[in-house]
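In this text, residue positions in the sequence shown follow the working numbering: the first is 1, and each later residue adds one.
No wet-lab data here; the hints were simulated from the structure. Every residue, glycine too, gets a C-beta built ideally from N, C-alpha and C. Check before you lean on any hint, since a few could be wrong.
Ranges between beta-carbon positions, derived for each pair [claimed, not checked]:
#, residue 1, residue 2, range
1, 33, 90, 21 to 29 Å
2, 92, 22, 36 to 44 Å
3, 9, 140, 29 to 37 Å
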Amino acid sequence: MLLNDGKLSVQGRNYLVREARIEDLEQIIALMEQDEIRRAEHSGAAGGPEHYLEAFGEIDADPAHALIVLEGEGGKIVGTMQLTTLPSLARRAAKRMQIEAVRVASESRRSGLGTQMIRWAICEAEHKGISLIQLTSDAQRRDAHRFYQRLGFIPSHVGFKMRLATGP
């Protein structure tokens, strides 16, 4: 799905923006475990490494999905997000991009890195002719809501989720 690898420079530090590789998986999971709200979902009790390997394989095999990482010095993964292209009949058959699972390493937060990640995703969408980007954010994440609004996202819809017993 990715047009090409990109580069970001934030506060004098350079980052490579690229699609995730299987060898990045451990670092991606570690980023997810830094999330206070979702930590339990990513702990060992919520499914073993085989669940992550299977999910990564499905994401990687589907050209509509791109699991993006920001690679810093020494190959350290300091950010990640999943981008999904969604065809739609709504809005005169407009293509959409869904942004989800946005994570920035705790030591890199409030540095501008998250802003540059999202701006990069917006540019990627524009290059692909996508006319609408959508994302959801947990209702508890007030700071994240303000962050997305500063970037031009509008809280236009109310989302609903239902957990099913069939998954991890």
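*Hints the structure fails to honour*: Of the numbered hints given earlier, the structure breaks just one, which is hint 1.
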